[in-house]
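Chains as they are written, first to last, in full-length UniProt numbering: chain R, 1 to 145; chain W, 1 to 145.
Treat the hints as calculated values from the structure; they're not laboratory data. There could be a bad hint or two in this list.
[Stated by the list, open to error] Just the calculated beta-carbon pair ranges, DEER-fashion:
| hint | chain 1 | residue 1 | chain 2 | residue 2 | range |
| --- | --- | --- | --- | --- | --- |
| 1 | W | His140 | R | Ala17 | 38 to 48 Å |
| 2 | W | Gln100 | R | Gly45 | 49 to 59 Å |
| 3 | R | Glu115 | W | Asn130 | 35 to 45 Å |
| 4 | W | Gln107 | R | Lys65 | 44 to 54 Å |
[Claimed, not checked] Covered by chain R, per the in silico footprint, the following chain W stretches (three or more residues, Cβ under 8 Å):
| hint | segment |
| --- | --- |
| 5 | 17-30 |
| 6 | 75-89 |
No experiment lies behind these values; they were computed from the predicted model shown. Even for Gly, the Cβ is constructed at its ideal location relative to N, Cα and C.
Protein chains: 2
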Amino acid sequence: MDEFMQAAIAEAKQGLAEGGVPIGSVLVHQGKIIGRGHNRRVQSGSPILHGEMDALENAGRQPAKVYRECTIYTTLSPCCMCAGAIELYGIKKVVIGENQTFMGAEQRLREAGIEVEVRQDASCIDLMQNFIQQHPQLWHEDIGV
Amino acid sequence: MDEFMQAAIAEAKQGLAEGGVPIGSVLVHQGKIIGRGHNRRVQSGSPILHGEMDALENAGRQPAKVYRECTIYTTLSPCCMCAGAIELYGIKKVVIGENQTFMGAEQRLREAGIEVEVRQDASCIDLMQNFIQQHPQLWHEDIGV
Chain R
1 MDEFMQAAIA EAKQGLAEGG VPIGSVLVHQ GKIIGRGHNR RVQSGSPILH
51 GEMDALENAG RQPAKVYREC TIYTTLSPCC MCAGAIELYG IKKVVIGENQ
101 TFMGAEQRLR EAGIEVEVRQ DASCIDLMQN FIQQHPQLWH EDIGV
Chain W
1 MDEFMQAAIA EAKQGLAEGG VPIGSVLVHQ GKIIGRGHNR RVQSGSPILH
51 GEMDALENAG RQPAKVYREC TIYTTLSPCC MCAGAIELYG IKKVVIGENQ
101 TFMGAEQRLR EAGIEVEVRQ DASCIDLMQN FIQQHPQLWH EDIGV
């Protein structure tokens with residue numbers, strides 16, 4: 001596995017250790033991580049800080065040109081909010097750990113001309129499956145089901 | 001003008017007074033404001049805290065049932081990120097101050113079964129027009145153009 005997906009998984013595991021939803025993300029520009037994040041629903045009482053949003057927030061204000069050269073890695077298929085943020089900034093590519101647990105707005109990303117790569121990574125799947133089994137209500141609250 | 005659009009405009013004006021992008025929003029449940037917010041790009045260095053996102057964040061974690069009974073008021077047509085968040089939580093209705101300055105993802109909201117009402121309010125239009133004239137770069141950075 002490449003270092004960037006490993007970093008996203010490390011974020012997800014950190015979230016789990018904090019008692020949160022184990023979804024992590026990193027924003028990568030020219031081979032360097034410029035933002036790391038994980039879901040903070042539990043930790044910050046936040047409905048908007050999904051992993052991808054937290055990574056974007058932690059990268060801070062970037063010029064439009066930078067976003068267009070970025071790849072965002074996320075352990076789980078991005079929901080319509082996160083996909084909307086990725087589309088807003090015209091991020092070039094999205095690398096997704098898995099979409100078996102949840103199929104997000106991938107089609108919308110593709111339609112916006114964004115490259116989408118899905119890994120179906122076993123460790124990403126295990127993280128989510130174990131979490132949902134233990135905290136089904138928290139998962140449904142987070143994804144708005 | 002109803003009190004809720006007035007409250008959203010008050011948020012936009014507060015943002016302007018702070019040196020920020022003048023877009024405000026309030027989340028209303030059963031006739032009561034449960035979250036207020038305004039764009040915080042400048043104030044917090046945030047790429048994700050648009051007015052609508054800030055109002056959702058400030059409302060905190062709400063049960064799915066509450067979102068489905070909510071109306072969100074925003075002074076400007078919601079971009080694809082904010083529309084994605086509104087769609088994620090299944091907010092019932094969106095009341096938009098104006099969409100002349102910027103036409104957001106309204107069609108996507110309608111397709112998701114969300115009621116959309118556009119007011120073309122003169123004070124909302126003035127706020128944005130004056131701001132863009134004075135800070136064109138900040139506006140383009142915020143909306144990702």
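Here is how each hint holds up against the structure:
Remark: the range hint 38 to 48 Å for His140/W to Ala17/R is upheld by a beta-carbon distance near 40 Å. For the pair Gln100/W and Gly45/R, the supplied restraint of 49 to 59 Å is violated, since their beta-carbon distance comes to about 36 Å. Evaluation of the 35 to 45 Å hint for Glu115/R and Asn130/W yields a pass: the beta carbon distance comes to about 39 Å. Taken as a hint, the range 44 to 54 Å is violated for the pair Gln107/W and Lys65/R, whose Cβ atoms sit roughly 28 Å apart.
Counting residues of the segment 17-30 of chain W whose beta carbon lies closer than 8 Å to any beta carbon of chain R gives 0, which falls below the threshold of three, so the coverage claim is violated. For a cut-off of 8 Å, the count of residues in the segment 75-89 of chain W with a CB near a CB of chain R stands at 10, and the three-residue condition holds.
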